[in-house]
Amino acid sequence: MIPAASELRLFDDSDAGWIGSLLDVVERSLGEPWRVLLERVELGLAGRAHASRVKAVVGALRRVSGGRAERARVARKVRSLVLGNPALDRDARDIRLAAAGCQLGLAPADVEGLLWADLAKERPVTLPLGRPAASELVAFANLDRIQHAVRRAHDIRLRVWGDAHDLVRTVTRYGLLARISRGDEGETRLDVTGPLALFHATTIYGRALTALVPLLAEQTRFTLDVRCDFGGVERWLHVEPPVLLPPVFAPRHRGPSVAEQLVRDLGAAELAVERDPPPIASGTQLLFPDLAIEHAGIRWLVEIVGFSTAEYLDHKLASYRAAGVEHVLLCVDSARSKEPTATARNLLWFRRRIDAPEIIEALR
Amino acid sequence: MLEPESSEEDPAQIPGAAWDEQARAWRVPAERHRELIVRMADSSVRYTDNVQPTRLANEWTIPALRWYQEAALGRWKAAGNRGVIALPTGSGKTLVAIAAIARLGMAALVLVPTRVLLDQWARVLAACWPYPIGRLGDGDHQVAPITVATYASAVAWAGRIGDRFGTVIVDEAHHVGAWCPGEVLEMLAAPARLGLTATPPVAGGALGERIGPVVYSLAVHDLTGDALAEYDDVSVPIRLDRDERERYRELRAKFSTVYAKVVRANPDAGWNEFIRVASQTADGRRALEAWRGYRALIAYPAGKRAALCELLARHAGARTLIFTPDNATAYAIARELLVMPITHEIGRVERAAVLERFRTGEITVLVSSQVLDEGLDVPDADIAIIVGGSSSTRRQVQRIGRVLRPREGKRAVVYELAVQETKEVEYVRRRRGLDEAKRAAGGVS
Chain F
1 MIPAASELRL FDDSDAGWIG SLLDVVERSL GEPWRVLLER VELGLAGRAH
51 ASRVKAVVGA LRRVSGGRAE RARVARKVRS LVLGNPALDR DARDIRLAAA
101 GCQLGLAPAD VEGLLWADLA KERPVTLPLG RPAASELVAF ANLDRIQHAV
151 RRAHDIRLRV WGDAHDLVRT VTRYGLLARI SRGDEGETRL DVTGPLALFH
201 ATTIYGRALT ALVPLLAEQT RFTLDVRCDF GGVERWLHVE PPVLLPPVFA
251 PRHRGPSVAE QLVRDLGAAE LAVERDPPPI ASGTQLLFPD LAIEHAGIRW
301 LVEIVGFSTA EYLDHKLASY RAAGVEHVLL CVDSARSKEP TATARNLLWF
351 RRRIDAPEII EALR
Chain S
1 MLEPESSEED PAQIPGAAWD EQARAWRVPA ERHRELIVRM ADSSVRYTDN
51 VQPTRLANEW TIPALRWYQE AALGRWKAAG NRGVIALPTG SGKTLVAIAA
101 IARLGMAALV LVPTRVLLDQ WARVLAACWP YPIGRLGDGD HQVAPITVAT
151 YASAVAWAGR IGDRFGTVIV DEAHHVGAWC PGEVLEMLAA PARLGLTATP
201 PVAGGALGER IGPVVYSLAV HDLTGDALAE YDDVSVPIRL DRDERERYRE
251 LRAKFSTVYA KVVRANPDAG WNEFIRVASQ TADGRRALEA WRGYRALIAY
301 PAGKRAALCE LLARHAGART LIFTPDNATA YAIARELLVM PITHEIGRVE
351 RAAVLERFRT GEITVLVSSQ VLDEGLDVPD ADIAIIVGGS SSTRRQVQRI
401 GRVLRPREGK RAVVYELAVQ ETKEVEYVRR RRGLDEAKRA AGGVS
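Chains F and S supply the protein sequences, listed in that same order.
Residue 199 in this note's numbering sits at position 199 of the first sequence, and the numbers go up by one each step.
Residue 147 in this note's numbering sits at position 147 of the second sequence, and the numbers go up by one each step.
Just so you know, not all the hints are guaranteed correct.
Here are the in silico distance ranges between beta carbons for each label pair [as the list claims (entries may be wrong)]: (1) F:A107 with S:D241: 28 to 36 Å; (2) F:E218 with S:T360: 55 to 63 Å; (3) F:D110 with S:R348: 24 to 32 Å; (4) F:D110 with S:R249: 36 to 44 Å; (5) S:V155 with F:D13: 41 to 49 Å.
As a list, the in silico SDA-like pairs of lysine to any residue whose alpha-carbon atoms are at most 25 Å apart [what the hints assert, rightly or not]: (6) F:K121 with S:S390; (7) F:K77 with S:V116; (8) S:K423 with S:R407; (9) S:K423 with S:M187; (10) F:K121 with S:I346; (11) F:K77 with S:R351; (12) F:K77 with S:E345; (13) F:K55 with S:D326; (14) F:K121 with S:R305; (15) F:K55 with F:D24; (16) F:K121 with S:D326; (17) S:K261 with S:R249; (18) F:K77 with S:E356; (19) S:K254 with F:S29.
The hints are simulated quantities; they were obtained by calculation from the structure and are not laboratory data.
Note that the Cβ used here is the ideal one computed from N, Cα and C, for glycine as well.
When you get a sec, could you build the whole thing from the sequences and use the hints?
Now the structure itself:
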């Protein structure tokens, strides 16, 4: 039973006051090192908001001001050109900065400004897009807080009324340990195992889990309940709209997924392959095979499993059986499995890429 | 595992034994393995022992040890192959440890605090031992009969590989019980344990319990002119100018008033407690701001700027390390004089490239606050300029050690800039007092 009240609180309009004061301090510190800004924030906001909440909003501010990776390249180049033996008088110093400026096509003052541009505490405070709105910081701080809780979760329950396609796809793409079912009100339920319930690759799994959180911004009705653990203390996080989250960004271009690669390879072997066949109901649970393959007059369903435990695989196979599907093949990523040695007729272990001839052999 | 049915002794009576409900067996911490074996042998208890560390082939190429290295090793052996050897930075502690591993001939695990030291140890061991060296940390997970692990990786691995080694070496052993958790050593069965440090901690504590007592200790002055270069220790008094002095006094007074008030109300309050209390009131927050302000002021006032430039000009071309009290001062000096800072924020690749340029003499000055103190293989340097010290004798010893690598005809110089009428002078006085006391108590212990 998940309690109604949650101990972990997200950010909302009531935080706008102190976030506004924080932004005033930021504007006063423009051009100064972040270190100075952090000291001012620590002293200026003490007593107005809990240190952890201030830290979360400062983290959101860093994210909003962005651009660190690009600056890192330039800053390292600037340092390699400018820093060397001591320039003990002004002339020697000016000459060196000017020479570096010439090489980089920059004014000497800009060269100096870039010296520590990649260092978290030394780079100058800038707001390239102007003063952000408090609500923007709240949205990113909320995202960060939910993702943090998810990384420390025992279990996660997500209920979505509406199109859950992207969420389910993400669960599949990242190979998360999830049971997907239809709820009493027709909603989609995702019961996802948290990293703290595992003993293997918990950090990697936790990071993969966080991919679900940004997608919540597109849901008009949902509930998310996370049972998590911080330093041995069990806590709950309950999230439901209205909650401020940043808009969903289009994902960066990625290479083909394991499933896409397999479809391509099987296509080349002239097999009839259907990508993302319709979900299969097994009791209240929904199963999402990745492919359907016609082979020797039999329709086989193939599901690619990422993170797994022996119980998880047993349960999945049993669910397919309960749904009346006998011709099913689970392709299991051995690198993300707790016991990559289990053997069963319907299991095919793989690493990185599924071997199409192996699949064909298994179907035979 | 002790099998209760085959044991004629009550396992509950064994020190450290606990019943493991999950395994349905008695568990004893791995570090008590040898003690347990002896006890069972004495009591004629039948047992199976699967802890069998690999024997190392005697194919070492090790340079001859110096007199004090031999002496240190002798004391360690006499103490039952357990204990801490304290030798100054640059005097060859690593070589002592390698000789210990070679002489015992048992698989060894070397624990180090940082990734930089992991690389360093792996490199030195590979030069003395013809087989692959295992590495745990910095993305590597190879276990070999001789393995180097960072403290952090050892926390994760000790439970799995703790039975494979007969010898454990802990570098920078003064961190045992803090950065290097005692539990790591508890999970290792290795009976031979050697701690290495330049600054032996006070007796007892986690280090004494897990590794053993300090069995051999030499200070810098014991080896100067022999294994370490001769050096001059020069104090450079710095005066604040009038404006700085007034500002210092004003800030100091603002801080002291509140500090005194808090301490009067809570006589047992430590510094952390003071910060907690002070940050709850506007006056307290102003006091903390004043504290930061006056520390920043004396960290790098105009007098230190001038003195630093003068010293760098005097020793132009000599390899020089500048030590600062904090990163902000390191960056300020780096920006003003266009010299390279070495801080934890400077990435590994860039840092290695800079140290290489320093090694080849392409650049002759580096500035750092803490990164150069310990855990980094800094090339030979001749001059150390301590722009801001602290009360820590340990830090001072590490810093001085950076310029003491011996070379024909070398005489290093250590300058310490201290602002008069401030805490800095007190720090220098206190440290010097401690040094004198140690010297008076007798060098070799």
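Hints, verified against the model:
no. : hint                           : verdict
1   : F:A107 with S:D241: 28 to 36 Å : holds (33 Å)
2   : F:E218 with S:T360: 55 to 63 Å : holds (56 Å)
3   : F:D110 with S:R348: 24 to 32 Å : holds (27 Å)
4   : F:D110 with S:R249: 36 to 44 Å : holds (39 Å)
5   : S:V155 with F:D13: 41 to 49 Å  : holds (43 Å)
6   : F:K121 with S:S390             : holds (22 Å)
7   : F:K77 with S:V116              : holds (23 Å)
8   : S:K423 with S:R407             : violated (35 Å)
9   : S:K423 with S:M187             : violated (43 Å)
10  : F:K121 with S:I346             : holds (11 Å)
11  : F:K77 with S:R351              : holds (13 Å)
12  : F:K77 with S:E345              : holds (16 Å)
13  : F:K55 with S:D326              : holds (22 Å)
14  : F:K121 with S:R305             : holds (23 Å)
15  : F:K55 with F:D24               : holds (16 Å)
16  : F:K121 with S:D326             : holds (13 Å)
17  : S:K261 with S:R249             : holds (18 Å)
18  : F:K77 with S:E356              : holds (17 Å)
19  : S:K254 with F:S29              : holds (24 Å)
When the structure is compared with the earlier hints, violations turn up for hints 8, 9 and for no others.
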